[in-house]
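Student: Chain A is fixed; fit chain B onto it per the hints.
If you read the sequences in order, they're chains A and B.
Position 88 of the first sequence, counted from 1, bears residue number 88 in my numbering, the numbering being contiguous throughout.
In my numbering, each residue carries its 1-based index in the second sequence increased by 494.
Among the hints, a few may not be true.
Subject to a maximum C-alpha distance of 16 Å in a straight line, what follows is the list of computed EDC-like cross-link-like pairs (lysine to aspartate or glutamate) [as the list claims (entries may be wrong)]:
(1) B:620 with A:253
(2) B:615 with A:239
(3) A:377 with B:576
(4) A:377 with B:591
Okay, the calculated bits of chain A under chain B, using three or more residues with CB under 8 Å as the criterion [what the hints assert, rightly or not]:
(5) 310–317
(6) 339–350
Quick list of simulated restraints, FRET-style, between CB atoms [what the hints assert, rightly or not]:
(7) B:523 with A:391: 31 to 37 Å
(8) B:548 with A:98: 35 to 41 Å
(9) B:521 with A:151: 17 to 23 Å
(10) B:531 with A:54: 55 to 61 Å
(11) A:372 with B:598: 21 to 27 Å
(12) A:32 with B:536: 53 to 59 Å
(13) A:257 with B:523: 53 to 59 Å
Please keep in mind that the hints were generated in silico from the structure rather than gathered at the bench.
Ideal placement from N, C-alpha and C gives every residue a C-beta, glycine not left out.
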Amino acid sequence: MSRISNLSIKQLSRKFDEKLLCPKEHTLEVFKNIKRNNNDINAFITLSEEFALKKAEESANRIALGKKLKLDGILVACKDNFCTKGIRTTCGSIMLKNFVPTYNATVYDKLEKAGAILVGKTNLDQYGMGSGTVDSIFGPTKNVWSENLNNPRICGGSSGGSASAVAANFCSTALGSDTGGSTRNPASYSGVIGFKPTYGLLSRHGLIPLVNSMDVPGILTKTVDDCVDIFNTIAGPDDLDSTTIKKSFNPIELSENFNLKNVKIGIPKEYNCEGLTSEVLEAWTKMADFLEENGARVEEISMPYTTASIFVYSILNQCEVASNMARYDGIEYGHRADDESSTENLYSKTRAEGFNGVVKNRILAGNYFLLRKNYEKYFLKALKVRRLVSDDFKKAFSKIDLLLTPTTLSDAPLLSDFTKNNNRDQCAVQDFCTCPANMAGVPALSIPIKLSSNNLPISLQLMGPNFSEKLIFNTAKFIENRVDFYLNYNKLKL
Amino acid sequence: MFRRNILNLFIQRSYCNIHNKIFNWKELKYKTKVPQNVVKSIFEEKTEKIKVTEEEIILLEKLSLVDLERKEAVKVLEDSIEFASKIHNIKTDQNIEPLYTVLENYQLKLREDKVTDGNIKQDVMKNAVKTEEETYFVSPK
Numbered sequence: 001m002s003r004i005s006n007l008s009i010k011q012l013s014r015k016f017d018e019k020l021l022c023p024k025e026h027t028l029e030v031f032k033n034i035k036r037n038n039n040d041i042n043a044f045i046t047l048s049e050e051f052a053l054k055k056a057e058e059s060a061n062r063i064a065l066g067k068k069l070k071l072d073g074i075l076v077a078c079k080d081n082f083c084t085k086g087i088r089t090t091c092g093s094i095m096l097k098n099f100v101p102t103y104n105a106t107v108y109d110k111l112e113k114a115g116a117i118l119v120g121k122t123n124l125d126q127y128g129m130g131s132g133t134v135d136s137i138f139g140p141t142k143n144v145w146s147e148n149l150n151n152p153r154i155c156g157g158s159s160g161g162s163a164s165a166v167a168a169n170f171c172s173t174a175l176g177s178d179t180g181g182s183t184r185n186p187a188s189y190s191g192v193i194g195f196k197p198t199y200g201l202l203s204r205h206g207l208i209p210l211v212n213s214m215d216v217p218g219i220l221t222k223t224v225d226d227c228v229d230i231f232n233t234i235a236g237p238d239d240l241d242s243t244t245i246k247k248s249f250n251p252i253e254l255s256e257n258f259n260l261k262n263v264k265i266g267i268p269k270e271y272n273c274e275g276l277t278s279e280v281l282e283a284w285t286k287m288a289d290f291l292e293e294n295g296a297r298v299e300e301i302s303m304p305y306t307t308a309s310i311f312v313y314s315i316l317n318q319c320e321v322a323s324n325m326a327r328y329d330g331i332e333y334g335h336r337a338d339d340e341s342s343t344e345n346l347y348s349k350t351r352a353e354g355f356n357g358v359v360k361n362r363i364l365a366g367n368y369f370l371l372r373k374n375y376e377k378y379f380l381k382a383l384k385v386r387r388l389v390s391d392d393f394k395k396a397f398s399k400i401d402l403l404l405t406p407t408t409l410s411d412a413p414l415l416s417d418f419t420k421n422n423n424r425d426q427c428a429v430q431d432f433c434t435c436p437a438n439m440a441g442v443p444a445l446s447i448p449i450k451l452s453s454n455n456l457p458i459s460l461q462l463m464g465p466n467f468s469e470k471l472i473f474n475t476a477k478f479i480e481n482r483v484d485f486y487l488n489y490n491k492l493k494l
Numbered sequence: 495m496f497r498r499n500i501l502n503l504f505i506q507r508s509y510c511n512i513h514n515k516i517f518n519w520k521e522l523k524y525k526t527k528v529p530q531n532v533v534k535s536i537f538e539e540k541t542e543k544i545k546v547t548e549e550e551i552i553l554l555e556k557l558s559l560v561d562l563e564r565k566e567a568v569k570v571l572e573d574s575i576e577f578a579s580k581i582h583n584i585k586t587d588q589n590i591e592p593l594y595t596v597l598e599n600y601q602l603k604l605r606e607d608k609v610t611d612g613n614i615k616q617d618v619m620k621n622a623v624k625t626e627e628e629t630y631f632v633s634p635k
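Okay, chain B solo, but in the shape it has when bound:
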């Protein structure tokens, strides 16, 4: 049995550690610092009811180049937006700056504007389903 095989491996590995005593899981030495009860979120759980309009659907489909084929898909979309809307229960003051990147305090490296590769036409074309003379990508006429 597979599980048994894997078990055996773990057991084999443990030979070198046999000197270790079993960890005592029950006993605590100190008054615990870990909260023993659920700590409720300080934010309200209010949700906005979201209805995506017919025009919005047409626009989103166009921008996304993805069709909302079925009614359920619209439901799932509205549900996603409703979930995200809970963010409005969290107050953000005027003076809070958006955090675009966690590297905001670092100077990122820019390379020199020089060609560093080339002669890789074959590589570039390799994964295209349709090409013209193995030189051009092809879109519908």
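Next up, chain A with everything else stripped away, as it sits in the complex:
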């Protein structure tokens, strides 16, 4: 593999500027790597090589003319639930197996307009309903850190293909989506940065909806700097998504001499829950100590409704899914069953063939909670408890600036162990630390910290109040500089 593909976005960009590297050469090199290694981990559903080479040519031309765009020559991947014009977008499902969007999702469009080159569409649990990237019709994605790819580790999910693609240097950055932790969870298991922004800062237009009131696009990168560069490129209001915040977005610049003095960091005790492994606890403990040593004020706090999140999530997710999935009837787009006996039969058969068991169960459960007799008992109840979860954050952030917690409870489980549990239990364990942020809409970032005794990544999560991205990034970079995850890996002399 080429060393170049491992450079940061800024370093790559400088190489293009100095004509030490050409986008075409870079793209070809990375596709060589992808072709050699993607079969092993299955990060991609669709590769867009021809399109990428055309875009690389355009980048090269702009550079030659001295009209380089900010992300010219930078390779990106998109989770396969973001619409990409002319490139099929499947959601990992039979239903959309042959769906070719006629427009771009706004966040991807902004990357393309900034010169970025799409290498392909990445694997996911069907419609993003999962936390392992094991439920796609295109097969599971394997974790690049697996000791043995014949008995692989899961890469986390549902944006597992995106996390794996970044970890394997198939691209500089990948877009994921995050409804209950789907960007941060695979980032944690794959040893990359996974960022969920404040709800409303990134447009959802063209992101195939799962749970509209929680979905946000997420960003996966190897470094904090890269994450900031991508975030600055794609954030801001969008006329095509009325749930974006109207206020114009000011790009974030990281502070040169950031220090933690005056930063108050809360340790919510409820995140030490059943199933948290001693190694994650140790990393969490040490990192809290390290931040304190560097001037932060660290204190234990209580967020008692943390454990309630998962129940709120299970109800609201299924209700919104039931509503969102109503659009798939086989008539306008997507899979159409071969049954012309009646419209109703066509609908039913199309949906029977197009959805997997997980999707069907969520639709049925959602409709159960929405039945007139259950509406108040389940749906309104969940919305009220959601208020309590959200108030926990409000109260916490009236006293402290950031929260430090685990992202996942352990290092990456073996695929064979993970699939012994059903989808619901998988998600209940996997989303424990990540899903509260989606309830409240607040920004959160997962950062790799160290390796476990299995030589797998262990990550922690930073959360802050709405629009506190700058403080989160600054603090994450402070941690990144000091723990140097990659150097740490080097020292193992594997």
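Tutor: Frame of chain A, contents of chain B only:
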């Protein structure tokens, strides 16, 4: 080996950071603020036994346009509802307002009621499996 290749990449990247000392994971400078034992949930774990009736199944199948083909599917559904029912262990006072959207304090943008696109018939029809003269969607007769 693939893992080895990826390893090499990480190692290459780290050259520029070689000045960094290894992080000392063992030593703590302060009395830790991180709870070292599991903090139990303050809510009861009581579950309601849920049985979905035959009529409910028929209704749900009709509303969902999804069939509960097998016995196991009914079991999975009941299991999902039972899990969700644990929410009733959490007290919510009368005065708690439901949180529909985290943007409840923002005025969201509404666009003017004007046509902003058009002449995209081909695009609209493109993903339909069956069309009539490439102009109409087709449902069973």
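Student: Check the structure against each numbered hint from earlier and tell me which ones fail, lowest number first.
Tutor: Failing hints, ascending: 1, 2, 9, 13.
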